[in-house]
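Student: In case you want the letters, here they are:
Number of protein chains: 2
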Amino acid sequence: MPLLDSLTEALRVLPGVGPKSAQRMAYHLLQRDREGAARLAGTLAAALAEVRHCARCNNFTEAEVCERCLSQQRDASQLCVVEMPSDLMVMESTLAYRGLYYVLMGKLSPLDGIGPRELKFDKLVERATDGMVQEVILATNFTNEGEATAHYLGEMLRARGLRVSRIARGVPVGGELEHTDLGTVAQAFVERRGW
Amino acid sequence: MPLLDSLTEALRVLPGVGPKSAQRMAYHLLQRDREGAARLAGTLAAALAEVRHCARCNNFTEAEVCERCLSQQRDASQLCVVEMPSDLMVMESTLAYRGLYYVLMGKLSPLDGIGPRELKFDKLVERATDGMVQEVILATNFTNEGEATAHYLGEMLRARGLRVSRIARGVPVGGELEHTDLGTVAQAFVERRGW
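Those sequence lines, one after another, are chains Z and X. Read in UniProt numbering, the first sequence has 128 at position 128, and its numbers run on one by one without any break. Read in UniProt numbering, the second sequence has 164 at position 164, and its numbers run on one by one without any break.
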C-alpha cells in the first residue's frame, strides 16, 4: 500500500476522524505543514514512550508519582474521584477543593466493554484505604454512565468503611463537568451530600 | 511543558482540530489506542521521509515519476489539471478520461498567500510544453478560487500556443431544474450548446 494511503488509514485512529477528513489531514500534513507534521510524529512517539499513569492518582504523568500527589499543600484526608484529566482540571480551576484526586480514565460503559476491571477499581480501593483518606468525593459526570459509575463506586467504598459523598446535582442533569460554568461546579462541590 | 500538553498542542496542526478535540485525541491515543498511536507516529514519520511529488504530474508518490505518468496505456496528448489528488481520483473513477494529469496541490488563494509561485505554475508550463501535450483540460473546482485558478492558467497556457478547455458547468445529470440553484440554471442557459 502506498505510504500516503497508510497515513490516511493511520489517521483514522483519531476519534471523530472519518475517511474524508483523514485524507484531507494527510494532504495537509504532507503539503502544507511538514514541520508541524514532523513535530507531531516526534511528540507522539515521545509521549507514548514517556507518559504513564501516576501510581497514586492514576492521572497521566511522566514520573512515578505526579507532583500533585507529592505536594505537602494538599489535604490528604479528601480524595476526589473524576472520570478524566480534563475533569480534574475543571475542579482545580474552581479553587474550591484542596484535597487529592483519583482519575478513573473513563467510566463504566458495558456496551464498550469497559467494566470495573478495565477501570482498575482495585487500584482506587487500594488508594482510598491508605489510612489517610477519610472522605471519598465522587465527581463523575451526571450522565447515565457517570451516575452508574458513582453508584458502583459508592457501594464498593462504603463497604470498606469509607465516608463517601457525591458532588451536588447543581450540575445540569445530563451535563458534563467540562462544559459547565465554574460557579455551578463550585456550588455543586460545596453542596455535596452523603452517598 | 509536560509531554501530554506538547502532544495536545502538536495535534492542533491537523486541519479542523481545536483545543478541545486535540485534548480528547491526546487522551484517546494514550489511554485507549496506544497501538494505533504508535502506528500513526511511525507512518507519519515514514511518509514525511518517503512521499514526494511526481516530477511529471506533481501528485504524491514515493518514486521519482509515478506509475500513472509512466504508463504506456494513457493518451499523452491530453493533460487534465486538477486541484488535489482527491479530484484526480474522482476523474479516474468516471472512466471517462484516458489522458494524463497535473495536480496543482491547491488553488490560487491570495488571502492565504498562495499565488502562482506557491503552486509552481512554471512546473505545469514546463510539463504542458513537452511537445506531446496537445490539449490542456482545466478541471479545477467551480468555486471562486477554482475559477480564478482556471482563468489564470488558461491565459498563461494559451499564450504558449496550447489548446485549453474547461470541463462543462451545468445542471447535474439526473438533476431537476426545480431543485438546482438558480446560478447553476442561469449558467447552464448561458452555456447552452447546439442540439
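Simulated from the structure, these hints should not be mistaken for lab results. As the structure is a prediction and not an experimental result, all values here were calculated from the model. Fair warning: there could be bad hints in the mix.
Note that identical chains are pooled: a pair holds if it fits in a single copy or bridges any two copies.
Said to hold, decoys possible - Here are the computed lysine-lysine pairs in the DSBU-like style, where the Cα-Cα straight-line distance is at most 35 Å:
(1) K20 <-> K123
(2) K107 <-> K120
(3) K107 <-> K123
(4) K20 <-> K107
Student: Against each hint, give a clear statement of whether it holds in the structure.
Tutor: Consistency of the hints with the structure:
1. K20 <-> K123: between (40 Å within a copy, 28 Å between copies)
2. K107 <-> K120: Cα proximity of K107 and K120: one copy only (11 Å, versus 52 Å across).
3. K107 <-> K123: Intra 15 Å, inter 55 Å, cutoff 35 Å: intra-copy only.
4. K20 <-> K107: Both: 30 Å inside a chain and 19 Å across chains, each within 35 Å.
The structure fails none of the hints (numbered hints given earlier).
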